[in-house]
Every structure is written in structure tokens, then in C-alpha cells.
Amino acid sequence: MPLRIYNTLNKKKEVFEPLEPGVVRIYVCGPTVYDSCHIGHARSVVTFDVIVRYFKTKGFDVIYVRNFTDIDDKIINRAQELSTDPKILSEKYINEFYEDMDALNAQRATIEPRATEHIEQIISIIETLVEKKFAYQVNGDIYFSVESFDGYGKLSGRKLEDMEAGARVEIDERKKNPLDFSLWKSAKPGEPTWASPWGMGRPGWHIECSAMSMKYLGMTFDIHGGGKDLIFPHHENEIAQSEAISGNPLTRYWIHHGFVNINQEKMSKSLKNILLVKDVLKKYHPDVIRYFLLSSHYRSPIDYSENALVEASGNITKFYKLLERIPYKKIFSTNKANNSPEFYWDRFCDAMDDDFNTAVALATLHDAVREVNRLLDESNNIITHSIEFILPQILKMRDVIGILLDPPEKYFRNAKTLKTSHKNLNIEEIELLIKERSDARKAKDWDKADNIRQKLDEMNIVLEDGQDGTVWQFKA
RNA sequence: GGCGGCAUAGCCAAGUGGUAAGGCAGCGGUCUGCAAAACCGCUAUUCACCAGUUCAAAUCUGGUUGCCGCCUCCA
1 MPLRIYNTLN KKKEVFEPLE PGVVRIYVCG PTVYDSCHIG HARSVVTFDV IVRYFKTKGF
61 DVIYVRNFTD IDDKIINRAQ ELSTDPKILS EKYINEFYED MDALNAQRAT IEPRATEHIE
121 QIISIIETLV EKKFAYQVNG DIYFSVESFD GYGKLSGRKL EDMEAGARVE IDERKKNPLD
181 FSLWKSAKPG EPTWASPWGM GRPGWHIECS AMSMKYLGMT FDIHGGGKDL IFPHHENEIA
241 QSEAISGNPL TRYWIHHGFV NINQEKMSKS LKNILLVKDV LKKYHPDVIR YFLLSSHYRS
301 PIDYSENALV EASGNITKFY KLLERIPYKK IFSTNKANNS PEFYWDRFCD AMDDDFNTAV
361 ALATLHDAVR EVNRLLDESN NIITHSIEFI LPQILKMRDV IGILLDPPEK YFRNAKTLKT
421 SHKNLNIEEI ELLIKERSDA RKAKDWDKAD NIRQKLDEMN IVLEDGQDGT VWQFKA
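The first sequence begins at 1 in the numbering used here and counts up by one.
Warning: the hint list may mix true and false statements.
Only pairs whose alpha carbons sit at most 27 Å apart, straight line, appear in this in silico BS3-like list of lysine-lysine [what the hints assert, rightly or not]:
id : residue 1 : residue 2
1  : Lys419    : Lys475
2  : Lys74     : Lys11
3  : Lys396    : Lys321
4  : Lys176    : Lys321
Bear in mind the hints are in silico, worked out from the structure with no lab data behind them.
Kindly produce the complete structure, drawing on both the sequences and the hints.
Shown next, in the form of C-alpha cells:
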């Protein structure tokens, strides 16, 4: 089955064909680094992380470019509020971004360019736009003239006339059209500036992406991605700038992911419900966050709630419980020695091929895990041939989804530490109680044993008596 | 005002013409001292509502209702 991608430009799924066979060139709009990453940033990063991982496992060479917007009004304003330098501020949040996203097991992009390191390219593009009369100068400012570009509105499905009518855009008398957007802003006192043919100033927001994508991926590349909110005006403007210069399509496939809501409300500063990645990571394992983010289709909105994370947590625990049943070395030493069709992996790929349907892909993982559990039950935990055949498929799925990378012991140990620190409990105390109960059980003092179990249950601890003794964990 | 999206079991969530994936919760069973975990079985005659097209519709068309997003910085 060929890979099909929903293309925002045409509003339908299209068969993916890279410009150059075997190579995928993809550009994703990265964060403006003026604040900590929230769960919405995580969705963007994880979504494209899985897409890129999938391309790689399918044998593509992936050139993945994700930028940092490190010069912008928001950064300058924030820096002023904090009486710091914009450069220092953006540096700080770039580091935070890496901390958060590394923690989430997101692989780094191939190239991670910053706007401020591409001023030269930006200026050169603006010069061309001015030469070709797509842009005009007003004092030290350069604006892009939306009317000069025929295709303006083709991505967002808007018409210039419609937008002007109800526009809430501030009327700036100097612009030819209210929707004209700035390519270059003249310097204001105290702001970072660069020399340009139009005097000291700094780039507008949209132009950096055109400059950097062009530099690293060429005039036309395969995939351009970002959040749905970027469709207009950001991506619309990128198309205008880039295509005005090249006369060729900026990109062949536009991928836009949906938002994360918090308890059915939009995340916003005014509602004070911005959920930071680093805060969620204090409570949940990274896999849990990834599972949550990938359990719905990337284009749908998803709703963050405590309940959703608890549920995701239960599923991740279930997966690790399976891995725990298999000697760790055995997990990696298995290799399929026969040529039968890889049922689960094929089903997983079919799902991924259908516009990266991670929900169905995860369902396939569940099915595979259930079967291995069943086979282990049947064989009394002996690794049989059938199991050796399914395990590598599970590992391949795991590698695409980017979860289950910890050794199970580590996962369960972390889970305990995470919860005990939250609940003011002490692992030694808990284990002492469990020891007491085990002694009682050996003495067949069931009442005492059940009493202790009851007590632990009240501490939200659940016990499992197995052949090799009792293991415990917190309820999700 | 303009553009777009969504509505599937108690909850989350796939499914875009061929008779409802998966997860959570629930019920019954195997296992267990009893549990838990794991596994097995059951759990939507039906996909917001009303018409229409079709041999066949959750899926297509028209309409109604309800939610949501974008049009201003936003992942």
C-alpha cells in the first residue's frame, strides 16, 4: 500500500511521492523561543518525530529541518520585561526546548537553523522580492504586497476581498493593502538590529522560514508541517514569498496537526491553563505523554485531562509488563528465522501509510501484545518460536512510536519514585510491610496478610503475588 | 460577516459505499489461599436529528440542531 498524506492544500489524501526517490525533505516550523514549552509544542514535536521515524524505517533518507525563531516581537518584549538581552532569553528557551523534547524521546532534526543566523539569506530574498516588485519600501520598512501574488489565499482557502471586509486588522495607512505583511522592520531604539540596504533593522516573522527552507531544502521540497494555526497567515505568507521568487511550488505536501485542549478549553494565557511539558513530566513517564498524544489522529483536536493521562499510563504499564515477562537480552536477540508474513508489522504499516493513523497503529500494538501475553501464558513463560517471531515486530512498532525504550525495571522503578515523591511515601516502609505480609502468607496467616494488603491498598498500592515473590506498584 | 472542522457504547477513540478496530470502565470465566496481573468470553442491530441517492450509507447529497477552531500573536 502506498503512503498517503492528507494535504492541506488540496484538502484530500494524496499518494506521497518524493521529488527525489528515496529522500524526504521536510520543513517544520519550530517554536518562537520566548517561553517554556507547553504540551502543544510537544504535540507538534512528537507528531513529526513519529512521521520522520516512520519514513526512516521505511528506508528513506530524511532531511528534516526545524527552525528556531529567535528574533521576534514577543522575544524582544519579554526580554524587556525581564530586563535581559533577547539573545540570552532565546538561548535559555532553546536549551529548555531541548531538555523537554529530549526527555520526550524526540529525535533531533537533521538541521535546526536559527533566524538570527540567516540574516544574510533573509536580506537577499527581500532584495529579490523588491526587485521583482512583490515588495515595497516605506521608510525603513519593507512590506510584501499580497495583491501582487496571484495565488494568495490558496492554502487557507480565503479570498483577499473576503478578508478585507471583516478584517480586524489595524489599518496602517502606509500599507497598500491591510493584509500586506512586513518582511523587514526598521530598527527601534534598544532592539537587536542588523545592517541592511534599507538601514538598520530586523526581519519580519514569515521571511525567515522562506529563507531557511530555501537554503537547506531548495526551491521546492516534499513536506512542510506545523500546527493548524499556522495555516493563516504564516504559511500563506511563506507561500507568497517563496513562490513569488521561484515561480515553483514551495512544497508538495502540507501537513497540519490539531490543537491540544485542556479540559475542553483552549489553552491560553488568559485562562491560565498553559500546561508545560516539564510539569507534566514531573508526574508522568515520557511514554505516557507520547501515547496520549498519539492515541488520536494528528489532525483531530485532543483533550488533555488527568483521566486521559491515567488511561495512557495504564496502557504503557501494560506494555512494560509484557517486556518484563521476557528476559531483557532475549528481547533483542530474537530474530525472525522464517519468511511468514509479518502480520502485525504489516498492519501497523498499513495504518501509518493511511495518513499516519497512529490510533490504529497503537491498536495493532495492543493486539500484538495481547497475543504474546497469551502465548506466554500457554507456554508457561517459555519463549517459543511463535513468540520469537512476534517480538521483533513489536520492537519495530516501538521504534516508530518512540516508546518502551527503557528497560522494564527502570520504568517500574521510576514510576515508584515519581509517585512516592508526590505522595510523601517512603519506599522502604512500603517494602517492609510487604515483607511482613509475605511472612504472614508463608505462615498461612491469611487474615494478617489481607490486612496488610488492605492497608497498602489505601495507600493506592497494588500487589501482585507471583512465583518469584510479590511485586508492587502504584495504581495508575 | 468570511472560511473550516467535529458529532460513533458509561468514557477515550478508529473507521469516507459492503454491514461497527483498539483502549478504559463493567459483567462472566481460567489462574490464585483470596486477590492482582495476564488470558478467554460478553457488552453499540447501530454511528446527533430529518429527508434523499443507492441493491447496499456511520460513510455520498440537502436540510436541522449542538459544539469547536481560524480570520490578531499562537503548536
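Going down the list of hints, with the structure as the test:
Between Lys419 and Lys475 the alpha-carbon distance is near 10 Å, which keeps this suggested pair within the 27 Å criterion. At roughly 32 Å between alpha-carbon atoms, Lys74 and Lys11 are farther apart than 27 Å, so this suggested pair is violated. Taking the CA atoms of Lys396 and Lys321, the gap is near 18 Å; set against the 27 Å cutoff, the hint holds. With a C-alpha separation of about 64 Å, the suggested pair Lys176 and Lys321 falls outside the 27 Å cut-off, and the hint is violated.
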